[in-house]
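Residues per chain, in single letters:
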Amino acid sequence: MSAPDDVARMLTLVPWVLHRPGASHAEIADAFGVDVATVRRDLEHLDFCGLPGLGGGDLFEVTTVGDRVVLRMADELARPLRPTAREAMRLVLTVDAVADLLDEELPALRSAVTKVRAALDIPESTADVVGSDGPGTRSTLRDAVRDGRRVRLAYQGRTDPEPMDREVDPWALHVVDGSWYLQGHDHGADDRRTFRLDRIASVEATETPVRVLAPDHLEPPRYVPGDDDLVVVLDVSPRGRWLEDALAVDAVEEQEGGGARLELRTDAPGWLARLVLMAAGEATVVSPPSLAEEVAATAQAALAWYEPDAAAW
Amino acid sequence: MTPKVERLVNLTVALLEARVPLTLAELKRRTGYYASGDPASARRMFERDKDELRRLGVPVETRTVPHSDEQGYLVPRGRYELPDVDLTGEEVAALALAVRLTGTQGTPLALAKLAARAPEAPDLAATPTTRVELRADPVDAVADAVVQRVPVRFTYRRADGGEATRTVDPYGVVQRRAAWYLVARDHDRDAVRAFRLDRMRDVPVAVADAGSFEPPDDLDIADAVSGPQDPGVEVELAVQPRASWALAIRGGQDTGERTPDGRAIWTLPGLHPVRDRSFLLGLGPDVEVRAPETLRQAVIDALTTVAAGADAEVRR
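Going line by line, the protein sequences match chains U and W.
If you use the numbering used here, the first sequence corresponds to residues 1 to 313, in order.
If you use the numbering used here, the second sequence corresponds to residues 1 to 316, in order.
No lab work stands behind these hints, which were simulated from the structure alone.
Glycine included, every Cβ here is placed at the ideal spot set by N, Cα and C.
Check before you lean on any hint, since a few could be wrong.
What the hints assert, rightly or not - Where chain W lies over chain U, by a calculated footprint (3+ residues, C-beta under 8 Å):
hint, region
1, 76 to 87
2, 227 to 241
Unchecked claim - Calculated from the model, a selection of chain U residues having no Cβ within reach of chain W, i.e. all distances over 12 Å:
hint, residue
3, E61
4, V65
5, R68
6, R72
7, H185
8, A189
9, R192
10, T206
11, E207
12, R211
13, V212
14, Y223
15, A251
16, R265
Can you build the whole structure from these sequences, using the hints too?
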């Protein structure tokens, strides 16, 4: 961490500790999102801060007993420095995003966000998150997570021809940049699995309590490529570049004219073929040929419905 | 030598305590800093310190010292201090949880500033059911300009792949569907537009002073990124059973009618011509678009293009 970051934190630490005489190192570390060693070092520095030119009597007085801290003679910094524009924007946007999702579980957050926006002068007209309510399955899943009940899903896996039944001990819902996921233990696979909510065809809560519990630290969902994944190269036009966001791409090579060549791995070529189809010609498969053929075959099969003799019946 | 962090904190305290602007000579006398070495390097050291404090948000003002023509410096307490925010303990606890849920993106320091003088936060009993991941760092590039109302210029990659220079009044920042947008008035077109932050090819630079514009009162920045919505259109589809769930979770309805060959006829509220087409293309041969005619034709055209394009690719 750089000296300026340290200074910003120390200027805030003074009023924070003045307001909480006897706060512990651990409590301070927790509030500032740093480790205890950093807090100790900050306090050592602060013992030499104040107005040094006028002699020792004008320095702050840091008293530490055990791991408890009392700060005196620091009234010059009794109030915190205003957050910068960047800090204010980030704070408002992130807490507002959470408030949209946890309205019912954390009712105090909504009123807090209103107060924070007013204090920092960041109204909704300068910073906003357009949350999606999530699919209709969300509330059933949320209740099941909260109550620790197993759920039965009909899930459209990327490699399945149609939705399949799954029995899942639900651990948590996860919203990653606007996409919804459920993480939990899949009893059929007897392993942890991630499910996209927009591929859950239906959900049914059961009375069975959750048997396999979530690990202490649950990482956000990520696509982990497997050994036998297909390596795919796609060319996308400028208008097809949304595919970069929709896929976990290994490499992007910029092309003349604003397009790009994307390299990625997938365990579900059929699903990828549908994505290429969605791009409506703004994406083409460079390799492997088998995927290019699958895209063409899918397009031709869909086209069959629209041919004159098909429409006639 | 005094560690730099101590020097910067002490400089802040000295400037906050000043009743009148302090000259560099007076600061030397009060703090003992900037005294060693030649005057020019002492001045450079002070200038660097002053700039660093300003970057942290410490409002160091330069003013003429009364009854002299010398430059002095001070930090007005009213501009430095965050007034008390009237948060309850429960609200502080909820904010702390929200910041923790989103990792470092929510800047714990900003919350510590807001909560510095707030009541003690109670422990929250329940673990939230939903976690959130939001990458907020793209916002940094435009945050100052939005908050301080500074018109900016940047190079932008247009949707067709070309690059163009844009000069805008930045009104606000919106996150929608995994993308960040700057909603701004485009000077050249004199119209409000949404710019994707990840299509900016350089860091926006100021082209005028802070406070140069006033955003319109009736502006809804969330509306500005949603694009044209056309909810009046109803889409009619012939559907294979295996795709019906995908339509059901999008608000589709089975009309109960059947095509002569036995496929179910569904209706779906149309939202957006391009996104609807894309969604329906993704269902491949499982759906046939029957109405509206424009969407049916758009799907036929896209399928024809893909079928031909993919053919050409295979032959090559």
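Hints, one by one, checked against the model:
1. For a cut-off of 8 Å, the count of residues in the region 76 to 87 of chain U with a CB near a CB of chain W stands at 11, and the three-residue condition holds.
2. Closer than 8 Å: that is the beta-carbon criterion, and the region 227 to 241 of chain U has 3 residues meeting it against chain W, so the requirement of 3 holds.
3. Remark: the non-interface label on U/E61 is consistent with the geometry, its nearest Cβ contact in chain W lying 14 Å away (cut-off 12 Å).
4. For U/V65, the requirement that its beta carbon stay farther than 12 Å from each beta carbon of chain W is met, with the minimum near 20 Å.
5. Distance check for U/R68 against chain W: the nearest CB is about 15 Å away, which clears 12 Å, and the non-interface claim stands.
6. The Cβ of U/R72 lies farther than 12 Å from every Cβ of chain W, with a closest approach of about 15 Å, so its non-interface assignment holds.
7. No Cβ of chain W comes within 12 Å of the Cβ of U/H185; the nearest lies about 16 Å off, and the non-interface call holds.
8. No Cβ of chain W comes within 12 Å of the Cβ of U/A189; the nearest lies about 21 Å off, and the non-interface call holds.
9. The beta carbon of U/R192 sits about 15 Å from the closest Cβ of chain W, which is more than 12 Å, so the claim that it is off the interface holds.
10. The Cβ of U/T206 lies farther than 12 Å from every Cβ of chain W, with a closest approach of about 17 Å, so its non-interface assignment holds.
11. No beta-carbon of chain W comes within 12 Å of the beta-carbon of U/E207; the shortest separation is about 18 Å.
12. Distance check for U/R211 against chain W: the nearest CB is about 18 Å away, which clears 12 Å, and the non-interface claim stands.
13. Residue-level check passed: U/V212 sits 16 Å from the nearest beta carbon of chain W, beyond 12 Å.
14. Consistency note on U/Y223: stated as away from chain W, and its beta-carbon is indeed over 12 Å from all of that chain's, at 14 Å minimum.
15. With a cut of 12 Å on Cβ distances, U/A251 stays outside the contact zone with chain W, its closest approach being about 17 Å.
16. U/R265, annotated as away from the interface, keeps every beta carbon of chain W farther than 12 Å; the closest lies near 20 Å.
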